[in-house]
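On the provided structure of chain Z, position chain F as indicated by the hints.
2 protein chains.
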Amino acid sequence: MTNKEGILLILSGPSGAGKGTICKSLLKETDIQYSISATTRKPRPGEKDGREYFFITKEEFEKKIQEDAFLEWAQVYDNYYGTPKKFVEEVLVSGKDCILEIDPQGAQKVKGKKPDAVYVFIAPPSMQELKNRITNRGTENTLEINKRLNCAKEEMLSMHNYDYVVINDKVETAVKKIQAILIAEKCRIQRNKLYCI
Amino acid sequence: MTNKEGILLILSGPSGAGKGTICKSLLKETDIQYSISATTRKPRPGEKDGREYFFITKEEFEKKIQEDAFLEWAQVYDNYYGTPKKFVEEVLVSGKDCILEIDPQGAQKVKGKKPDAVYVFIAPPSMQELKNRITNRGTENTLEINKRLNCAKEEMLSMHNYDYVVINDKVETAVKKIQAILIAEKCRIQRNKLYCI
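In the order they appear, the protein sequences are chains Z and F. Just so we're aligned, residue 85 is where the first sequence starts under the working numbering, counting upward by one. Just so we're aligned, residue 85 is where the second sequence starts under the working numbering, counting upward by one.
Next up, chain Z with everything else stripped away, as it sits in the complex (with noise of 0.2 Å):
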């Protein structure tokens, strides 16, 4: 008898590691569902309710978090993002897998409340590639710069929190080794019941 429950995969990383990059093709190319978040902040045009999130009100989620209905919940400025519990236990229990793309510090409260999940950490090839990649994207001053670097400098040290380390050189590798981790989870012993002998 094998456990058909799909797997909770967390895949999160330092920011300029890549890891949306690699959650979008990994989307594309495995039959995985993404995990949609809650938001209270209002829908960009063409964001669609449900899809790209779920758009709700600053006191349907301040509910929610009393029902303790969010898998890990944060505040960003003025506005809620959470990780709606029940969505993502349909999915597991329909048999599919779930893909949650989150920051480490989020990933820790979801390890909390759902230790058996996948944890996945997406790692820069190096501390210097890291730094050109935010370096790079040239949006913002070195200020903001230097603030992004340290805070994903501390980001790389809860990467012995997590099961798996994928090294982000190329996406379409660290996207095999990702789709192998899910391969091979799913022979794991835990997930397998011994046979009626």
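Misleading hints may appear alongside valid ones.
Note: identical chains are not told apart, hence a pair may lie in one copy or across any two.
[As the list claims (entries may be wrong)] Simulated pairs of lysine to aspartate or glutamate, EDC-like, Cα-Cα distance not exceeding 16 Å:
1. K270 <-> D247
2. K277 <-> D247
3. K277 <-> E146
4. K88 <-> D200
No lab work stands behind these hints, which were simulated from the structure alone.
Chain F in isolation, oriented as in the chain Z frame:
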């Protein structure tokens, strides 16, 4: 800094599950070294020392037992068979993965000496299918078949000592799963050290 040492892959399971066929196919399609056993039996026509086996004398074998030179060894009728520790370790240190195809009793012995190896249990699709496979070999009488079947049932119970179980309903699929396990294991956090930040 990544750990560049190869992975020791232990492929085991009850007789009739098809681990031999899977191992052959894996060796053909993957860059992995077959762990060559030592034996005291005489080479058969076409067999070459250091290819199928290391052919050694009974005295040499017993000396090596004293020296703790085997990951595991067993006596089958009048002959010894064993896995030379040195050969396996040299392969791993060179950075290449090494595959050891072995019965569950042998795998259990190896686990005492190599707890960090990757243990994969090859399981038949069902006990009925295993019975069919053992029966259809056609070379044994009913008594022998029942003996083998009881042995296989007992071996199935050792499954929970393994890291992974791969159900062999199709050799090609099973081989792909083992290849994925190797890729995933190389990404495991234990095998990847932190960068110097």
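Structure versus earlier hints - violations, ascending order: 3
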